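Chains as they are written, first to last, in my numbering: chain A, 1 to 321; chain B, 1001 to 1368; chain C, 2001 to 2358.
The hints are simulated quantities; they were obtained by calculation from the structure and are not laboratory data.
Mixed in with the good hints there might be a few duds.
[To be verified] Partner residues are not named here, just some residues of chain A that face chain B (Cβ under 10 Å, in silico):
no.: 1; residue: Gln68
no.: 2; residue: Gly77
no.: 3; residue: Ala80
no.: 4; residue: Ala167
no.: 5; residue: Ser252
no.: 6; residue: Gly254
no.: 7; residue: Gly255
no.: 8; residue: Val259
no.: 9; residue: Gln265
no.: 10; residue: Phe278
no.: 11; residue: Glu280
no.: 12; residue: Ala285
Keep in mind that this is a model prediction, so the values were computed, not measured.
For glycine and all other residues, C-beta sits at the position ideal for the given N, C-alpha and C.
Chain by chain, the residues:
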Amino acid sequence: MSAPAAPTIAGGPVTPLDAPSHRRGDRIFAGLARGAGVLILVLLAGVALFLVVESVPALTASSSELPQGKSFAHYVGPLAFGTAFAAAIALLIAAPVSIGVALFISHYSPRRLAGVLGYLIDLLAAVPSVVFGLWGIFWLAPQLQPGMAWLGTHLSFIPFFAGPVSATGRTILTAGVVLAVMILPIMTAICREIFLQTPRLHEEAALALGATRWEVVRMSVLPHGRSGVISAAMLGLGRALGETMAVAMVLSVGGGVSVNLISPQNPSTIAANIALQFPESSGVAVNALIATGLVLFVITFLVNFAARAVVARRKDFREGS
Amino acid sequence: MKVSRSSRIAAALAVGAIVLSACGGGSNSSGQQTGNGSGGKLSGNLAGAGSSAQQAAMQAWAAGFQADNPDVTISYDPVGSGGGREQFLSGGVPFAGSDAYLTTDELTKSKSVCAGGTGAIDIPVYVSPIAVAFNLSGVKSLQLSPATIAKIFNDKITKWDDPAIKAENAGVKLPSTAISTVHRSDDSGTTQNFVDYLSKAAGSDWPYPVDDTWAAKGGEGAEGTSGVVAAIKGGEGTIGYADASQVGGLGTAKVKVGSSWVGISASAAAKAAELSKPASGRPSGDLAIDVDRTSSDPSAYPLVLISYQVVCQTYKDKNVAALVKAFETYVASAAGQQAAAKAAGSAPITSAVAAKDLTSIKTIKAAG
Amino acid sequence: MATATPLLAEPGASPPLRLTRGSLPRWAPAGMFAASLGAALLVMLVTSFNWYGWGALTFLLYVVVITTVSRRVEGSRRSTDRLVTALVFTAFALALLPLLALVWTVLRRGVPGLTFEFLTTTMRGVIGAGGGVEHAIVGTLLVTGLAALISVPIGLLTAIYLVEYSGGRLGRWVTLMVDVMTGIPSIVAGLFAYALFEIFFGPGVRMGAAGSVALSVLMIPFVVRSSEEMLRLVPAELREASYALGIAKWRTVVKVVIPTAIAGLTTGVTLAVARVIGETAPLLLVAGLTTSMNTDPFHDRMTTLPVYAFSAFATPGFPPEAGYQRAWSAALVLIILVMLLNLIARLVSRFFGPRTGR
């Protein structure tokens, strides 16, 4: 790994006074901090190695030994699609809403209300996924079902709404909404903290120039919080991709690849599939399930990589211009 | 659960990453027992794992057994039958609950966990009828033949007023509502038994293989018995299969046995278990049963799930052997079966089956 | 906790633009909203009433009316502002709807079973109705507390490393890996913890501490990500001022950077705890399920509240109502527990945070 970096801060290298006691304390502290970073790498390497080693028997097995008698690629393909699809629906709903809610709490609501709301949102981040699952089955699905029936009757020419319509409403759209509600508190809480940290001088300067509230938000709050918002979205996406119990409970699984949002035949997700199949699996089927976990791992890796790249490019672009 | 050696090494690499507090010795974890094994008063922990179908009954058994033996703690992880068998075969737990009996392969493997070259045996202790339950406004009871059930779940019959259903239910007013079938989306012993019933009793109307994964296309999937029941209740014109004790409030179908219609009852379910033949090619003491789905005896309800306790005939540890033996004796006893019936709604095994169980349980011993 | 900035705190106290343009009276938004509400209700009553239709129509009417009116009177900039304000409020209402529904559902179904007896008994020997969650509360606190004890130091130190020491290639790797770790499905974390503990304790291992390790795998990336963001927001001027006074870097971090960011850090840690306290799948795998009290996280099975709730729902026994009741009540207890933890965290951050500031 790299050599201990010279102490730097955003503004450039800084040399604190060169007292020996300072240097010892600094060295210990820096060592601790770096040690923690290395520890995380080791931990992740352990998890990755565990996944890879446990996956190998499934990846090398012939199709007939695997569950459903399909090759591994055919087995995992629809699952990967379902995972991405459900998470995309969730993020599409949750991202704008959570930014809106965070703005409401940080810049629009009265101060007293804001504290209470922030507290309430934090609290909701703690609702266990099992409860989201129960809520999805008993409350949300019946609420959404008539809407889906309407869409199926009137808009069935759009592939998303081609029937047949589920009689219970436990579709991938419902699962996506449940996921959106699940990741909303986390995304909102992080966005809120970020927005609240906007340098006050920037905002006051904009106000002094006669900017409207939206212009303040657009010109000082959002640019300041962009990387944080993307971070929040990534955390939310990570949870949506990996969510297990809620999806397993809510989604009616049919297998196959389909963009139909309202039918009872929905693609399953990787994490839910592991939860559903693991208890009764044995032998190479267990390895196959762990291998799908590896695929999920890789998907998350790629998504995060892409997000990082986007943030970095934006930054370069802004600084370069 | 089996985790290969290489992955253990992989995980070992991460050891440094984990701050493990000092936990001296530590070999005293679950599955291992403490306390005296010298006859008389029993004490220690006994842990099992496996079928979630048995969990409610297991709670009753644990409670009843602990009441008689206050120094004993029984715990049971409902990880699923497959998980339970894997843990049992890797020596993780001294007994497992399983909805399916051990395969020949697993029997061979069990010889390395059980002592003295003897293998494991399956003891049928839990019989539960599976209900074909539906939610159709105005209709509380239906009569369905195996062929009709198979066609409904195979999407060949799609409306409630289909002639096939009408023919079997003279006098019932059937609406033209579309049928939505609900099946288990997780692998389960319930699915296995339901499909086994369809494929044996409905013949060519059920073209799919018998497996614990639902193979037919179409219909809704739901997780677990509770999920299936919730889904049936949540829709109109829905039909599914679930453990009979859990379908409260829903209509249930009488199924055709021979030429008569048989409804769900504990005695009819227990009778089906008694009438069924022992599986062939099993070691002595093993009581695996192949349920007779095509019996024409009108006192038997053939759509049942039979769940087993998987135990060793010989244990290395004296105390474990004593605990398992005492616990299983209680489980198979009339008191244990009544407790399970009360807590889980299962069907108490008939005295004929219980007698066989107890004979097998008597052979459990410690090595040497 | 201090939140909104003073100048923006009061809605409606916007800077006067009247000098150049006309402006709507203060009651205009509220008035128009009421009018939209009424008009939409009329339409609904004429066709067929439906709560969702009413809400959607009100929203559409209000947005169209306020932006057109504002554009004519106040000009395009103020009109855009009004539009965005309407959207932000809608987003808020939209988010509140399912969240309130959720809380209401849990309260309505959970409160009837929430008795003193429920909180102070275990499930040992209980068949049918009765029993409680005492053992599950203890299990939850121990398993999650231990997980936090592992995750918070590692996570916070890593975040400090990333922000204050911006460690070159290692830093970039750590950042990327932390991102990837957020995507580990919880059940895989459980499998990993099981494999790890199997090495030391042999097959069939079940203990609360193994659950804590599984939760830590899920929790650490969360702590790192949120702490990193919060530390980055500490103005560089504060650090520079501290260095200028000759304070060592580590003291600067401990005495200046962390206290400045403490509110955000506490929120992050609380969220991370909240994220894992509701985990079910990995704990079912490595911490197991028991009906009896167990206060030793290093020996034997330990039940936590989510596992308790899940198993009560999945295998409610017969008749199922008692089990369902326990499931909902246990979920409610968990939420209350988190609420208390949240409160404590807030008190801590108020106590240790800098006295001045927002």
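So, going through the hints one by one against the coordinates:
A least Cβ separation of about 7 Å between A:Gln68 and chain B falls short of the 10 Å threshold, and the interface hint therefore holds. Proximity of A:Gly77 to chain B is violated relative to the hint, the smallest CB-CB distance being about 18 Å (cut-off 10 Å). Of the supplied interface hints, the one on A:Ala80 is violated, with its beta-carbon coming no nearer than about 18 Å to a beta-carbon of chain B, more than 10 Å. About 4 Å separates the beta-carbon of A:Ala167 from the nearest beta-carbon of chain B, less than 10 Å, and the hint is met.
This hint holds: A:Ser252 has a C-beta 4 Å from the nearest C-beta of chain B, less than the 10 Å allowed. A distance limit of 10 Å between C-beta atoms decides the matter here; for A:Gly254 the minimum to chain B is near 7 Å, and the interface restraint holds. Taking 10 Å as the C-beta cut-off, the interface hint given for A:Gly255 holds, the closest approach to chain B being about 8 Å. For A:Val259, the shortest C-beta to C-beta distance to chain B is roughly 18 Å, which exceeds 10 Å, and the interface hint is violated.
Hint status for A:Gln265: holds, given a least beta-carbon distance of 7 Å to chain B, under 10 Å. Given the 10 Å rule on beta carbons, the hint for A:Phe278 holds: about 7 Å separates it from the nearest Cβ of chain B. Annotation: interface hint on A:Glu280 holds; nearest CB of chain B at approximately 4 Å, less than 10 Å. A hinted interface residue such as A:Ala285 counts as satisfied when its beta carbon comes closer than 10 Å to some beta carbon of chain B; here the least separation is about 8 Å, so the hint holds.
Taken one by one, the earlier hints fail for this structure at numbers 2, 3 and 8, listed in ascending order.
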